[in-house]
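A.B. asks: Protein sequences, first through last, are from chains A and B.
All residue numbers for the first sequence refer to the numbering used here, where the first residue is 1048 and numbers rise by one.
All residue numbers for the second sequence refer to the numbering used here, where the first residue is 10 and numbers rise by one.
Mixed in with the good hints, there may be bad ones.
Calculated pairs, BS3-like style, for lysine-lysine (alpha carbon to alpha carbon, straight line, at most 27 Å) [what the hints assert, rightly or not]: (1) A/K1150 to B/K62; (2) A/K1150 to B/K64; (3) A/K1150 to B/K63; (4) B/K107 to A/K1056; (5) A/K1150 to B/K107; (6) B/K63 to B/K107; (7) A/K1150 to B/K77; (8) B/K107 to B/K77.
Derived from the structure by calculation, the hints contain no laboratory data.
The structure presented is a predicted model; accordingly, all values stated were derived computationally and were not measured.
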Amino acid sequence: NAGVTQTPKFQVLKTGQSMTLQCAQDMNHEYMSWYRQDPGMGLRLIHYSVGAGITDQGEVPNGYNVSRSTTEDFPLRLLSAAPSQTSVYFCASSYHRDRGNEKLFFGSGTQLSVL
Amino acid sequence: KNEVEQSPQNLTAQEGEFITINCSYSVGISALHWLQQHPGGGIVSLFMLSSGKKKHGRLIATINIQEKHSSLHITASHPRDSAVYICAVRPGGTSYGKLTFGQGTILTVHP
């Protein structure tokens, strides 16, 4: 298994440009999430999905769109990039087998700079 | 006030020392996760707790649901343990994958 594959690793955008961060997992996990990590603030949830076709907003959803057409893929779209979206982005997936058994898997992260 | 507070924010230790990192949270939870973020940025899951205690190698994690507090202990610390340790909670009644994170504890272990 490749685990959670996140691309690209680095990206520089100009203000106003759009782009898509890709996230794929090959573990058949139902749950997938996108987080951003900013200095001094910890990880914050952007959007999450509980299965194909079902997504919901997290703590900081503005300026981002997601879709989940398949179990494997959960892309994050920046509609019109702003300097405030400069951050490190992580995709994660998780499974739960039974009560009290839950594990997280993270992608390697995308360092995004918006100029 | 953040829902999840970690202490200390920074921790420096000598190799071999016993280390404790604390996590306090303000809401009822269904699960608490301890994560490790390596200097290169990758994040690895260490433990998931809903009650009691778990042990893996030199790492021990405990949780007290009534006191809304969890601790991560590292016995016989080693320089390779140097990393950021992150506590994350899944509030009660929320979906899997919907987590709230602490700010992390930066651990440096000197040889």
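A.B. asks: If a hint holds in the structure, say so; if it doesn't, say that too.
C.D. replies: Hint-by-hint comparison with the structure:
1. A/K1150 to B/K62: holds (16 Å)
2. A/K1150 to B/K64: holds (15 Å)
3. A/K1150 to B/K63: holds (14 Å)
4. B/K107 to A/K1056: holds (24 Å)
5. A/K1150 to B/K107: Holds. A/K1150 to B/K107 sits at ~13 Å (cutoff 27 Å).
6. B/K63 to B/K107: Judged against 27 Å, a Cα distance of about 22 Å means the pair holds.
7. A/K1150 to B/K77: OK: A/K1150 and B/K77 at ~21 Å, within 27 Å.
8. B/K107 to B/K77: holds (18 Å)
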